[in-house]
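Given the coordinates of chain A, work out where chain L should sit on it, guided by the hints.
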Amino acid sequence: GNSVTQMEGPVTLSEEAFLTINCTYTATGYPSLFWYVQYPGEGLQLLLKATKADDKGSNKGFEATYRKETTSFHLEKGSVQVSDSAVYFCALSGDSNYQLIWGAGTKLIIKP
Amino acid sequence: NAGVMQNPRHLVRRRGQEARLRCSPMKGHSHVYWYRQLPEEGLKFMVYLQKENIIDESGMPKERFSAEFPKEGPSILRIQQVVRGDSAAYFCASSQGQGAWEQYFGPGTRLTVT
Numbered sequence: 001g002n003s004v005t006q007m008e009g010p011v012t013l014s015e016e017a018f019l020t021i022n023c024t025y026t027a028t029g030y031p032s033l034f035w036y037v038q039y040p041g042e043g044l045q046l047l048l049k050a051t052k053a054d055d056k057g058s059n060k061g062f063e064a065t066y067r068k069e070t071t072s073f074h075l076e077k078g079s080v081q082v083s084d085s086a087v088y089f090c091a092l093s094g095d096s097n098y099q100l101i102w103g104a105g106t107k108l109i110i111k112p
Numbered sequence: 113n114a115g116v117m118q119n120p121r122h123l124v125r126r127r128g129q130e131a132r133l134r135c136s137p138m139k140g141h142s143h144v145y146w147y148r149q150l151p152e153e154g155l156k157f158m159v160y161l162q163k164e165n166i167i168d169e170s171g172m173p174k175e176r177f178s179a180e181f182p183k184e185g186p187s188i189l190r191i192q193q194v195v196r197g198d199s200a201a202y203f204c205a206s207s208q209g210q211g212a213w214e215q216y217f218g219p220g221t222r223l224t225v226t
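So the protein sequences, as listed, match chains A and L.
Mapping to the working numbering: the first sequence position 45 is 45, numbers consecutive.
Count along the second sequence from 1, add 112, and you get the number used in the working numbering.
Here chain A stands alone, though its shape is the one from the complex (with noise of 0.2 Å):
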């Protein structure tokens, strides 16, 4: 079945650093792929999107590219803020257009 590979945190980084958290998936067909994101004591955001190979997803600086090859879709920032400090989710579309296959979640922390 339809699974999701998140690197384990915390990642703990310095501001300005550049971020890289990697995100590899299993699928079937060609499922679109996700970044949520999720502040302290909040509910998780869309952060940002992928619906095809080589698409590339991008909001508030971040960005994450669909690679079917590689079967991958890594979250990168080129310069972190401490505000980026949250558990960020990759996540893919199951067999059924409104079910979510979620990885488990990366920390991370900015340090000023």
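It is possible that some hints are incorrect.
Within a straight-line C-alpha distance of at most 27 Å, the following computed BS3-like cross-link-like pairs (lysine-lysine) qualify [unchecked claim]:
no. : chain 1 : residue 1 : chain 2 : residue 2
1   : A       : Lys60     : A       : Lys77
2   : A       : Lys52     : A       : Lys77
3   : A       : Lys68     : L       : Lys156
4   : A       : Lys56     : A       : Lys77
5   : L       : Lys156    : A       : Lys52
6   : A       : Lys111    : A       : Lys60
7   : A       : Lys52     : A       : Lys68
8   : A       : Lys56     : L       : Lys139
9   : L       : Lys139    : L       : Lys156
10  : L       : Lys156    : L       : Lys183
11  : L       : Lys139    : A       : Lys60
12  : A       : Lys49     : L       : Lys139
13  : L       : Lys156    : A       : Lys107
14  : A       : Lys68     : A       : Lys111
15  : L       : Lys183    : L       : Lys139
16  : A       : Lys111    : A       : Lys77
17  : A       : Lys68     : A       : Lys49
18  : L       : Lys174    : A       : Lys49
Distance ranges between label pairs, derived from CB positions [to be verified]:
no. : chain 1 : residue 1 : chain 2 : residue 2 : range
19  : A       : Glu16     : L       : Lys139    : 25 to 33 Å
20  : L       : Gly140    : A       : Glu15     : 17 to 25 Å
21  : L       : Val195    : A       : Glu16     : 41 to 49 Å
It is worth saying that the hints were derived from the structure and are not from the lab.
All C-beta atoms, glycine included, are put in the ideal place defined by N, C-alpha and C.
Chain L alone, transformed into the frame defined by chain A:
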């Protein structure tokens, strides 16, 4: 426009008690989804409801768990006779349409069974 509301945010129950988790969807949203996150794991889909109908409950445990989304009022996830293994974060999402990318999530309810 208020977001998806869930309450309580934290719930403590002793083994054998009942837990009721509430979810108020965003205004204008008629689709509600419940997910469970066990410690150190990703979210797992439980159930998808529209007003007064259960559309897909393939992720719900067969016993002790039930969900409803009445014509009026919030969606309720009910867990009877809770056990320690039910301790988890329960997230609700709502959407206007059926696409996965359209789901807006609440802050979750953290259930602890002692």
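Going down the list of hints, with the structure as the test:
1. A/Lys60 x A/Lys77: holds (9 Å)
2. A/Lys52 x A/Lys77: holds (21 Å)
3. A/Lys68 x L/Lys156: Answer holds: A/Lys68 to L/Lys156 is near 24 Å, not above 27 Å.
4. A/Lys56 x A/Lys77: Within the cut-off at roughly 13 Å; holds.
5. L/Lys156 x A/Lys52: Since the Cα atoms of L/Lys156 and A/Lys52 sit roughly 23 Å apart, the hinted pair holds (cutoff 27 Å).
6. A/Lys111 x A/Lys60: Answer holds: A/Lys111 to A/Lys60 is near 19 Å, not above 27 Å.
7. A/Lys52 x A/Lys68: Holds, because 9 Å separates the two Cα atoms, which is no more than 27 Å.
8. A/Lys56 x L/Lys139: Answer violated: A/Lys56 to L/Lys139 is near 31 Å, above 27 Å.
9. L/Lys139 x L/Lys156: holds (25 Å)
10. L/Lys156 x L/Lys183: holds (26 Å)
11. L/Lys139 x A/Lys60: Cα-Cα ~26 Å, so holds.
12. A/Lys49 x L/Lys139: holds (24 Å)
13. L/Lys156 x A/Lys107: Holds, at roughly 18 Å.
14. A/Lys68 x A/Lys111: violated (34 Å)
15. L/Lys183 x L/Lys139: holds (14 Å)
16. A/Lys111 x A/Lys77: Satisfied, since the Cα-Cα distance of roughly 15 Å is no more than 27 Å.
17. A/Lys68 x A/Lys49: Holds: A/Lys68 and A/Lys49 sit about 14 Å apart, inside 27 Å.
18. L/Lys174 x A/Lys49: Measuring from Cα to Cα gives roughly 33 Å; hence the hint is violated.
19. A/Glu16 x L/Lys139: 25 to 33 Å: Hint violated: Cβ distance 39 Å, outside 25 to 33 Å.
20. L/Gly140 x A/Glu15: 17 to 25 Å: With Cβ atoms ~39 Å apart, the hint is violated.
21. L/Val195 x A/Glu16: 41 to 49 Å: holds (47 Å)
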